[in-house]
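In the order they appear, the protein sequences are chains A and B.
Residue numbers for the first sequence follow the numbering used here, so the first one is 2 and each next one is one higher.
Residue numbers for the second sequence follow the numbering used here, so the first one is 7 and each next one is one higher.
Read the hints as simulated data drawn from the structure, not as lab findings.
Ideal Cβ placement from N, Cα and C applies to all residues, glycine included.
No farther apart than 27 Å at their CA atoms in a straight line, the calculated lysine-lysine pairs in the DSS-like style are these: (1) Lys166/A x Lys145/B; (2) Lys162/A x Lys106/A; (3) Lys306/A x Lys108/B; (4) Lys162/A x Lys145/B; (5) Lys194/A x Lys287/A; (6) Lys86/B x Lys302/A; (7) Lys108/B x Lys106/A; (8) Lys73/A x Lys108/B; (9) Lys46/B x Lys302/A; (10) Lys46/B x Lys102/A; (11) Lys145/B x Lys106/A; (12) Lys166/A x Lys46/B; (13) Lys46/B x Lys73/A; (14) Lys261/A x Lys86/B; (15) Lys61/B x Lys162/A; (16) Lys46/B x Lys106/A; (17) Lys261/A x Lys145/B; (18) Lys108/B x Lys86/B; (19) Lys61/B x Lys73/A; (20) Lys166/A x Lys40/B; (21) Lys162/A x Lys86/B; (22) Lys102/A x Lys61/B; (23) Lys162/A x Lys46/B; (24) Lys61/B x Lys106/A; (25) Lys73/A x Lys106/A; (26) Lys162/A x Lys40/B; (27) Lys61/B x Lys46/B.
Ranges of calculated distance between the beta carbons of each label pair, as one might list FRET restraints: (28) Val288/A x Met71/B: 51 to 57 Å; (29) Lys61/B x Leu307/A: 35 to 41 Å; (30) Gly62/B x Ile31/A: 29 to 35 Å.
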Amino acid sequence: MNRLLVSALALALGAIPAAAQSLDDLNIQIHGYATQGFLYTTQNNIFSTNSSNGSPAWSEAVLNLTAVPTPKLRVGVQARYFLLGNYGNTISLDWAQGDYKFNEKIGFRFGKVKTPEGLFNEVQDIDSAYIWSILPQGIYPVATRTSILTHLGGVVYGNIKLPAKAGSIDYRAWDGERIIASNDPLLASFTTKGFGFPNGANGNIFGGTLRWKTPVQGLMLGASETGNNQGGQATLATFTGTTTTQTFQIPFYFGQYEHKRITVDYEYMRLPPHYTFVFTGGPTIKVPLDFRNWYGMGTYKVSDKLVVGTYFSSSINRLAALDSSRYQKDWALSARYDVNSFVYLKGEQHFLDGIGGIADAYSNTNNTIVQPQTKLTILKVGVSF
Amino acid sequence: MKKLLYAILLVASASIFVVQAKAQVIVIANPSVKVSEVSKSDLVDVFTGASTSLKGSRVTPVLLMESVHHELFLRTYIAKSDGPFRNGWKSLVLSGQASMPKSLPNDAAVVEFVRNNQGAVGYIGDSTPHDGVIVLTIK
Chain A
2 MNRLLVSALA LALGAIPAAA QSLDDLNIQI HGYATQGFLY TTQNNIFSTN
52 SSNGSPAWSE AVLNLTAVPT PKLRVGVQAR YFLLGNYGNT ISLDWAQGDY
102 KFNEKIGFRF GKVKTPEGLF NEVQDIDSAY IWSILPQGIY PVATRTSILT
152 HLGGVVYGNI KLPAKAGSID YRAWDGERII ASNDPLLASF TTKGFGFPNG
202 ANGNIFGGTL RWKTPVQGLM LGASETGNNQ GGQATLATFT GTTTTQTFQI
252 PFYFGQYEHK RITVDYEYMR LPPHYTFVFT GGPTIKVPLD FRNWYGMGTY
302 KVSDKLVVGT YFSSSINRLA ALDSSRYQKD WALSARYDVN SFVYLKGEQH
352 FLDGIGGIAD AYSNTNNTIV QPQTKLTILK VGVSF
Chain B
7 MKKLLYAILL VASASIFVVQ AKAQVIVIAN PSVKVSEVSK SDLVDVFTGA
57 STSLKGSRVT PVLLMESVHH ELFLRTYIAK SDGPFRNGWK SLVLSGQASM
107 PKSLPNDAAV VEFVRNNQGA VGYIGDSTPH DGVIVLTIK
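For reference, chain A alone in the conformation it holds in the complex (with noise of 0.2 Å):
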């Protein structure tokens, strides 16, 4: 897979000084954005970083670049810096892509794609793309963004546009391998426990979204469908062996409203991996994992530079004992002021419930017994361009 994503990167990149006759022709663009943010909690630590006493380990640094060497064919590359708390701290890959767009019916990208599944993954990482600090983390948990942001692969794209004014479809389809580092958050509810990953883990993926933009004006409705298997080298205190899940099925439906100043967004979503861990001459593990997580949330925009919003978020572990670590509820207030084109700032107010979620936000950190009630204060401050 490695080959085949060299191969077509440099077939795309090929053809650029073969198509084009000067930069301008090109049309070259450099474009990024930086953030800084704070935290701080009552109690507890969260995402890594020591919050419980005020924490701005949380930077992030993207830089975009794209040309456009034929009118269809569009290659790009973006590169990101990321830092929160114990995680991160390196320049990573965001995506490197060659998009063909035949028509408005059919595109395909190509590379290290964004993987288009749900309603905000193809943009959880751009912070200047909405008014939240945090997204609801049950779906979207922010310290797993460079797991779940991509995959290796491709995907095929387009519109389509129905008879008898009935709107229109916006489809997406993938396929490819999704790969977790071995310290990536995704796998810390585990390696907290003492299990170990050497190299990671990864596994195919394959999908579809379709998003209706309907008759009804500003009103879109959705649904998307991941499968996803996972597997990898694995150790436990001295033993050592393998992990593996079978093949399980990611549903998102989600809606979207727009009206003059007001927008409500909701989304639901089912992980249900089932892990099994076999370990030589060890004991064979099953950890079986269903999470049924969903939000639904609001903003408006008092003004053109202040758009304040709310949401409310919640993620059960279905499988989970009957206590604080099956779920976690966050009610939060958000607001976004936008000093000029290039500055804004943030500030949001969470009320969390529960330790239990995707990524296990208080993992990792210096808590010697987690509460299971907290309040997380976030500030901060972006520049994009």
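Guided by the hints, dock chain B onto chain A, whose structure is given.
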């Protein structure tokens, strides 16, 4: 004399107000774009990056930098101010789904770009000379 000056000032102010009230933007396209009439929703799709064609003709939008005509176009068709409008484009660019359209400094530059580039579409004030381009009717 003072009364005459006040009267002239009053008439001049009223004239400015009337001129601004009547100012409109028109949407222009390169003659290669084989359409004369488009729906408002199709126009919005092109200028927000949701679409790259008008009735089968591949098009490339071009924007004005912040100006009276730019604000008027956004208010009339896009229903967004400049900040959220450009943030929408940045989101597409930063997720690899589009390239940022060119932003030109004035109407004359837009006319020249649209005239000389196949598939180009833009917007200008209706009183700006626009030889060599076609004017699209927005339904």
